[in-house]
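Using the hints, put the two chains back together into the complex; each one sits in its own frame.
So you can see what is in the structure, the chains are spelled out below.
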Amino acid sequence: MTDQSKPAIQFENVSRHFGAVKAVDHADIEIHDGEFFSLLGPSGSGKTTCLRMIAGFDKPTEGRIYLYGQDVSDLPPFERNVNTVFQDYALFPHMNVGDNIAYGLMVKGVSKPERLKRVDEILDLVQLKGYGDRKPSQLSGGQRQRVALARALINHPKVLLLDEPLGALDLKLRQQMQVELKAIQQRVGITFIFVTHDQEEALTMSDRIALFNQGRIEQVGSPSEIYEHPASAFVAGFVGTSNLISGELAKRVSGKMGTFSIRPEKIHLGSVDVNVSPDSYSADGVVRDVIYLGLYTRYLVQLDGGGEVMVIEQNLKTTSMDVLKIKGQRARLHWKKEHTHEVGG
Amino acid sequence: MPSKSYSGQRASWGLKLASVAALLFLHVPILIIFLYTLTPDEQTFTFPLPGITFKWFGVALQRPDLWRALTLSLQVAAVATLAALVLGTLAAAAVYRSNFFGREAISFLLVLPIALPGIVTGIALRTALGTYDISFSYWTIVIGHATFCVVVVYNNVLARFRRMQGSQIEASMDLGANSFQTFRYVVFPNIATALLAGGMLAFALSFDEVIVTTFTAGQQTTLPIWIFSQLSRPRDRPVTNVVAILVVLITFFPIFFAQRLSAQNSDIEGGSK
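Protein chains in written order, with the working numbering: chain A, 758 to 1102; chain B, 369 to 641.
Hints were generated in silico from the structure; no laboratory data involved.
Fair warning: this is a prediction, and the values are worked out from it, not measured in the lab.
A portion of the hints provided could be inaccurate.
Sample of chain B residues with no beta-carbon within 12 Å of chain A, all distances over it, derived [as the list claims (entries may be wrong)]: (1) Ile398; (2) Arg431; (3) Met541; (4) Val554; (5) Leu599; (6) Leu614.
On the chain A side, residues computed to face chain B include the following (Cβ under 8 Å) [to be verified]: (7) Thr841; (8) Tyr846; (9) Phe849; (10) Pro850; (11) Tyr860; (12) Lys865; (13) Gly887; (14) Tyr888; (15) Gly889.
We treat Cβ as the ideally placed atom computed from N, Cα and C, and that holds for glycine.
Isolated chain B, as found in the complex (with noise of 0.2 Å):
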């Protein structure tokens, strides 16, 4: 094969229709769900679309079992949102800072839960529950989210201690900073965006999980979980693809600032040096 140089070169048309074919494969599904919402057939998926209608974003709208499932969805997000951003913090803090005995193995535990399969991680909390008698409830299920959203905290912070400069931290005690104003205008300005992308992709995670949550909800039922219940509904399926939508720009916009928040970081820290 001959060999070519990449830089600057433009791509081949086998592999700029090896992208777009894979682009089509990831995102027209869900330009198919948002083409559903319009059409006026309820039961049926017919094409070319009956008619365009916008009825079932009205009729979405009046549920109340779905304002209810939206409404705890956000809610168990943000709440383990907020645990995460705390002991993920704490934890790379802890692991970067010092060094004690265990460090590489509590390094590891806590990134295990994110590549464990979400129905292990469902039944073993399912268990640990039932032994201690805790019953099932809205805090369980946060619970059950944090498992998976301090990795996401921790992995991005921790990648941001590794990447500051210097001896910034003891240059600031050595300068008159107590630990508090150390943490408040040192090390925080540099792990900010860091925080900020953690803590939007844990969001964006806890919002659209399905496995982990049907383990640990009792009665309550969140948004992804109303939606699964929903596919055996023929009737309704136009409402679900209303929240279908829903869900998709929920998490559109935290991933898509998370995304642009950590390459202009990266930018940053490549220009400075």
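The following block holds chain A by itself, in its conformation from the complex (with noise of 0.2 Å):
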């Protein structure tokens, strides 16, 4: 019925909506095999409806979802092979880690010596080993989301569903737990997809990205290219920061009109007497604000044709007695053409 050959997830025009919200609007997505693929939005943007119609847990209004070619849009759950980890865990209360693990198993007649092999095997894959007896109210928030990964990952799933897994943790767990599931993922093998609205997250681990805003796909891409290339001021805006020129100011500073984003980093400050080559833009400016933030300062920029646009650059040779300075002052910014993106009316 599955075809390995096939895409891991197709969704082929898919909508859900909930009366007159449309929570996912005309989606077309296809995650390949093997892929660590996230689901990228603000809240209400329609990436956790679509993992649920994955899961089985809501069915979509209209098209089809496939796994590896298998036709799953009417699937109960439990008829599909694909697991959920979810963002509040949703371990069994009254069962200790062990039994937890196995459930999948127990409830699909596997032998009872097998399954304790296994969950030996897969505690040691989340390093938690020894943990087997404790019941889940005596686990810490980062061994609970371990033992979630690990109730999921048991039973080999065609795919891996993980639903804002790391929401619940502080900061430092969260990155150190970004960097072990990227590692689980890559030696398992198997297809994860990532439900998130921390862009920051999604950049460091995807391979590719879907952004979602208001149940449509703005873009589908690798990190980088959403990054470096966004689709639409929203994408600009959302992963990142990003300063947008539109209008005269844009006429004025490429000879173009619409609208387009450029990336604070690769702005330039210099004075106003700089010099600018022939392959960047330029324009000039009254440093409005200055926030020194150690490794870098933002500086905010008022143009002289009116809009403001941030710049960030490295304190590589500066201090915050040299940066403050800069305030109130006019200088000149300058940026290659190539880092200028258009992004449509």
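Shown next as structure tokens:
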């Protein structure tokens, strides 16, 4: 029924409407075998609904979903070979860690010795050796997270779904788990579909990202494609920070009408007498604010033609005393033409 | 008034006195009943007792009408509780799990019988039974009792469902368990103590019910009705007292354990988050 040469998950014109609300609207996605794929977007953008439709908790109003070529649109959750790591972990509080992890095997009728053996192996993988007899309530947030991951992975799902699994962890643990998750994914070779609203998390871990906005997919691409060639003003603004220039200002700077995005770190701040090379654009203005952040400094520059842009420069040679002096002075901004991206009207 | 912190402070003597008075008010009458099971004087309440005897326990044990009433009451309570467990759990699951038109109304209608005076429920049932020409029997008593037993189970189970952590049901299905397995391994362990507590409470309620029973029983006499009818027979008063103590004991233990279970469980749930 399933065909390894087909995409792991394929959305064919999928929509999910709740009354008048279009949670997902005509989505087409293709997720490849073995990929770490992120569904990124603000809350309410439809990414979790997509995940729930893959898991089988929700059915598309329209369109089909294929798992390795098999149409799973109408199958109940327990008849599709995908597993989920829930945002709240959803561990069973009345079972110990070992029984939680073995649950999927138990309901499928795998023998007890086999279950114990596989639980031991998987506890090793998630670095929880010896925790099998504990109750979930005796574990820390990070440990529960690992148990939830182990409980899903032990079933060797064709696709693993992760619903903002790191949302409840503090920053340090989160960054550690990001690295670990990626390492585990590469080790087991299973397709991971990861839902997050944290663009940095998505950029860190993903092979490819689908960016959602109001039920629609704005762009699908690798982290670098999405960052460097945002397809729309929304993408440019959601992933990293971006300066958008449009209208008269755009015409004056680049000679064309339209909306353009420039990343703040691509812009250089110079004195007004600096010569700009022909492969760059430039604009003059007044430095309105200087925010010193240790590693780098953020400048807000009021352009002469109206509009404000943000510039980020690393403090490679400058100190806080140096950069703060620039506040209130006139400056010339310049950046390479190739770093200017048209993001539509 | 000077403000005091309540935590860790000893109660004032006024509060202690009031508590003791309230407890005495509630429980002394039961002690009096127990006391008069021991009197050799079978007609009047005299104090101090003219003597002490245990013969009424023996007399009570040999009364076949008493045994019939006790057996009937236990049977009715058991069947009504069983029906309440099944129906109450199903209703709670429906109200918790799905969102349908009229859900709030159904929830309200389910809880209503416990708030409604028993006499109204009784009259309503009697009229309904009369309209459809259903003759009074053991089953009509069970139906009458089930009306309020279902509520107790429903309330307990629904409260437990609402306290259930996270997406456990979805997690179970996701891991390959079908609906039956999900109920067996995830839902049932979560609601088991609520079922036990609700069931015991329902049993106790049914066991000492008088009002609804008077309207739905035919010739049959449940234990509370038997006691009620004994009031007009002064000669048997000590026997009635013995039976009353029996009823206290039979209802005491279920309620005691039901309360222990609820308390224990809230501790567990409080500790796990």
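Taking the hints in turn, this is what the structure says about them:
Listed as outside the interface, isoleucine 398(B) is consistent with that label: its C-beta sits roughly 38 Å from the nearest C-beta of chain A, beyond the 12 Å cut-off. Interface exclusion of arginine 431(B) from chain A stands, the closest Cβ pair being 47 Å apart, more than 12 Å. The beta carbon of methionine 541(B) is not kept farther than 12 Å from every beta carbon of chain A, the shortest such distance being approximately 4 Å. Residue placement check: valine 554(B) does not keep its beta carbon more than 12 Å from all beta carbons of chain A (closest about 6 Å).
At the 12 Å boundary, the C-beta of leucine 599(B) stays outside the reach of chain A, the nearest C-beta of that chain being 49 Å off. At the 12 Å boundary, the C-beta of leucine 614(B) stays outside the reach of chain A, the nearest C-beta of that chain being 37 Å off. A cut of 8 Å between beta carbons decides the hint on threonine 841(A): the least distance to chain B is about 5 Å, and the hint holds. Because the smallest distance between the Cβ of tyrosine 846(A) and any Cβ of chain B comes to about 7 Å, under 8 Å, the interface hint for this residue holds.
Look at phenylalanine 849(A): its Cβ gets to within about 6 Å of chain B, closer than 8 Å, so that hint holds up. Checking proline 850(A) against chain B by beta carbon gives a least distance of about 6 Å; that is within 8 Å, so the hint holds. The beta carbon of tyrosine 860(A) is positioned within 8 Å of a beta carbon in chain B (closest approach about 5 Å), and the interface hint is therefore held. With 8 Å as the threshold, the beta carbon of lysine 865(A) comes within range of chain B, its nearest partner Cβ sitting at about 6 Å, so the hint holds.
For glycine 887(A), the interface hint is violated, since its Cβ never comes within 8 Å of a Cβ in chain B; the closest pair sits about 21 Å apart. Annotation: tyrosine 888(A) was flagged as interfacial toward chain B, and the flag is violated, the nearest CB pair being 16 Å apart, outside 8 Å. The restraint placing glycine 889(A) at the interface with chain B is violated, with a minimum CB-CB distance near 17 Å, outside the 8 Å limit.
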